[in-house]
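Undergrad: Protein sequences appear in the order of chains P and D.
Counting along the first sequence from 1, when you hit position 76 you're at 76 in my numbering, and nothing is skipped either side.
Count along the second sequence from 1, add 269, and you get the number used in my numbering.
Treat the hints as calculated values from the structure; they're not laboratory data.
For clarity, every value in this text was computed on a predicted model and none was experimentally measured.
Among the clues, some could well be false.
25 Å max Cα-Cα, derived DMTMM-like pairs, lysine to aspartate or glutamate [what the hints assert, rightly or not]:
#1 D:Lys439 / P:Asp78
#2 D:Lys439 / D:Asp464
#3 D:Lys350 / D:Asp276
#4 D:Lys342 / D:Asp409
#5 D:Lys439 / D:Asp344
#6 D:Lys350 / P:Glu179
#7 D:Lys342 / P:Asp78
#8 D:Lys350 / D:Glu421
#9 D:Lys342 / D:Asp432
Selected chain P positions facing chain D (Cβ under 10 Å, derived; list incomplete) [what the hints assert, rightly or not]:
#10 Ile94
#11 Phe147
#12 Met149
#13 Ala250
Calculated Cβ distances over 12 Å to all of chain D for the following chain P residues [to be verified]:
#14 Ile104
#15 Thr111
#16 Glu136
#17 Gly160
#18 Leu172
#19 Leu193
#20 Val242
#21 Val249
Glycine is no exception: its CB is placed at the ideal position from the N, C-alpha and C atoms.
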Amino acid sequence: MMIATALVLTFGALILTPLWVRGSDVSDRDVAWLAGANMVPDDEADVYRRYLGRHRLHRVAGGAFGALFAIVFGVRWDGSFSIGIGQSNPLGNILFCALAGILIGALSAETFRLNEPPRTSVSASLAPRDEFVRPEHVRHARGLSLFTMVLALIILLAGGGYASAGIAVGGLLIAAVAERARAAINNRQRPLLSDRAQNVDNNIRSFAASSITLLQLSAATLTLGWAIAKDTNGFLGSLRFVIIIGCLVAAVRLLYKARPRPPRKWVTN
Amino acid sequence: MQATLNDSTLETLIPRPSRARNFILIVLGALILAAVLVGPMLLQSSISKDSSGTRSWAALGPHPFVLSVVSVKADGWPSVKVDSVTNVPGASVADVWIMPEGTRGENGDIRSAANFAHPWEYVEAYYGATADNRLPQQLDDGESASMLILWEIEDCELLNQTDQPEVRLKTLFRTTVTESLSQDPVYDFVSPAFDIETLIESGTCPQ
Chain P
1 MMIATALVLT FGALILTPLW VRGSDVSDRD VAWLAGANMV PDDEADVYRR
51 YLGRHRLHRV AGGAFGALFA IVFGVRWDGS FSIGIGQSNP LGNILFCALA
101 GILIGALSAE TFRLNEPPRT SVSASLAPRD EFVRPEHVRH ARGLSLFTMV
151 LALIILLAGG GYASAGIAVG GLLIAAVAER ARAAINNRQR PLLSDRAQNV
201 DNNIRSFAAS SITLLQLSAA TLTLGWAIAK DTNGFLGSLR FVIIIGCLVA
251 AVRLLYKARP RPPRKWVTN
Chain D
270 MQATLNDSTL ETLIPRPSRA RNFILIVLGA LILAAVLVGP MLLQSSISKD
320 SSGTRSWAAL GPHPFVLSVV SVKADGWPSV KVDSVTNVPG ASVADVWIMP
370 EGTRGENGDI RSAANFAHPW EYVEAYYGAT ADNRLPQQLD DGESASMLIL
420 WEIEDCELLN QTDQPEVRLK TLFRTTVTES LSQDPVYDFV SPAFDIETLI
470 ESGTCPQ
């Protein structure tokens with residue numbers, strides 16, 4: 001068993017290392033996408049590049065750790081790990097744990113101190129704050145997490161087992177990480193900046209908040225699918241299979257949309 | 270890309286890396302993975318039937334008792350505490366002993382059970398089982414042993430070959446793990462109802 005685990009760890013590390021390296025590689029196209037402009041001055045591009053490199057690295061590291069955790073947990077505790085929805089334990093599920101890891105990585109990436117020179121006084125902008133994220137996405141993500149919790153409690157009371165409720169609580173913890181990351185983005189220090197720097201700051205915060213909200217929505221969708229899949233009573237009858245597949249497809253699609261890279265068809269103006 | 274326009278406030282937006290925080294996160298991640306890796310050894314103790322070892326099943330007629338002897342192997346670090354064996358419908362566990370691996374009756378003739386007033390005396394006389402061998406017993410990781418289960422048949426109507434007992438174990442952290450000894454749910458020496466016909470022939474169960 002120990003040899004098998006060591007082999008799996010080595011195999012995982014071999015696959016994840018190139019991903020890790022690629023995470024910090026930020027191209028001119030990536031910078032133009034984040035800036036929303038074709039021509040980006042070098043000093044602005046440097047800020048975007050450093051920020052995006054950090055964001056990607058932390059997310060990839062978080063996701064890789066989550067996937068590794070799922071593999072180790074699955075192999076050691078259940079004898080196997082899974083990728084889709086419904087098989088064995090969500091703690092041994094690569095998609096579930098990697099998504100949670102990406103969110104924790106994003107939280108780590110967004111909690112940083114600004115690179116201000118040491119001084120005795122600090123400055124803060126009193127300008128009204130921009131809205132960095134679509135509020136309906138936040139509402140949907142929060143609503144879905146609460147809906148899953150209520151559904152899991154109904155399943156529990158109807159004798160469908162504790163697993164759904166446990167998964168729903170896990171989903172709420174992941175949602176709390178996402179909320180904390182969004183708060184870190186919104187509440188990060190706002191020193192007095194030039195108009196150019198202000199614009200860069202807004203672009204960075206806007207990207208991060210939107211991406212994390214999509215990740216939160218993806219995690220909430222995946223949690224709903226798992227909570228339904230783990231109901232031993234077969235609540236929802238034949239609809240159950242359709243909903244589980246729908247949740248899996250939606251979660252993967254949202255995860256893809258939330259990636260810190262320009263869409264494949266995106267072109268600079 | 271365009272040329273740089275001198276703007277000192279832009280530099281403040283560059284995240285300031287914290288090596289100490291990254292180090293703490295990496296150490297924390299490694300500790301979590303290590304805990305997940307060694308967790309089963311500490312929390313998931315198990316005991317399995319050693320099919321290559323000694324095993325037997327005998328109706329101790331005329332007493333309404335059955336003696337099951339199975340060879341078991343412990344898996345759990347540093348040791349596994351065998352706490353109890355559960356009852357099955359129609360029969361209750363009268364006593365359980367853990368004996369050194371390979372223990373077998375001095376006298377293979379099971380009919381001699383009739384010579385003893387109580388089945389306990391038979392088990393003590395022929396298997397050398399004493400109070401010191403009674404559950405709960407501690408088995409080292411990987412240690413093999415013989416488990417003697419003395420069943421008292423209470424209701425033959427309720428006996429069913431598919432009802433298999435479970436063994437309760439205590440882990441290092443005092444948590445309880447329930448383990449089934451049988452891989453085959455129908456045919457197993459562990460069950461008191463392994464051979465209903467013999468129970469009828471020995472007079473333990475009515476025709």
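Undergrad: Is it correct that the beta-carbon of Leu172 of chain P has no partner in chain D closer than or equal to 12 Å?
TA: holds, 20 Å
Undergrad: Please verify that hint: Met149 of chain P, Cβ, nearest Cβ of chain D, below 10 Å or not.
TA: violated, 26 Å
Undergrad: Do the numbers back the hint for Ile94 of chain P, that is, is its least Cβ distance to chain D under 10 Å?
TA: Not OK, violated: Ile94 of chain P not within 10 Å of chain D, min 14 Å.
Undergrad: Evaluate the condition: distance from the CB of Leu193 of chain P to the nearest CB of chain D exceeds 12 Å.
TA: Since the minimum Cβ distance to chain D is about 5 Å, Leu193 of chain P lies within 12 Å and the statement is violated.
Undergrad: Could you let me know if the closest chain D CB is still more than 12 Å away from the CB of Val249 of chain P?
TA: Since the minimum Cβ distance to chain D is about 29 Å, Val249 of chain P lies beyond 12 Å and the statement holds.
Undergrad: Quick check on the hint: Phe147 of chain P CB to chain D CB, less than 10 Å?
TA: For Phe147 of chain P, the interface hint is violated, since the closest Cβ of chain D sits about 30 Å away, which is over 10 Å.
Undergrad: Checking the smallest CB distance to chain D, is Thr111 of chain P really beyond 12 Å?
TA: violated, 9 Å
Undergrad: Verify this label for me: Ile104 of chain P is non-interface relative to chain D, using a Cβ-Cβ cutoff of 12 Å.
TA: violated, 9 Å
Undergrad: Compute the least Cβ-Cβ separation between Glu136 of chain P and chain D, then decide whether it is above 12 Å.
TA: holds, 29 Å
Undergrad: Is Lys439 of chain D within 25 Å of Asp78 of chain P, Cα to Cα?
TA: Answer holds: Lys439 of chain D to Asp78 of chain P is near 20 Å, not above 25 Å.
Undergrad: Is Lys439 of chain D close enough to Asp464 of chain D, meaning Cα to Cα at most 25 Å?
TA: Given pair Lys439 of chain D, Asp464 of chain D is violated - Cα atoms ~31 Å apart, limit 25 Å.
Undergrad: Is Lys342 of chain D within 25 Å of Asp432 of chain D, Cα to Cα?
TA: holds, 22 Å
Checked against the numbered hints listed earlier, the structure breaks hints 2, 3, 6, 10, 11, 12, 13, 14, 15 and 19; every other hint is satisfied.
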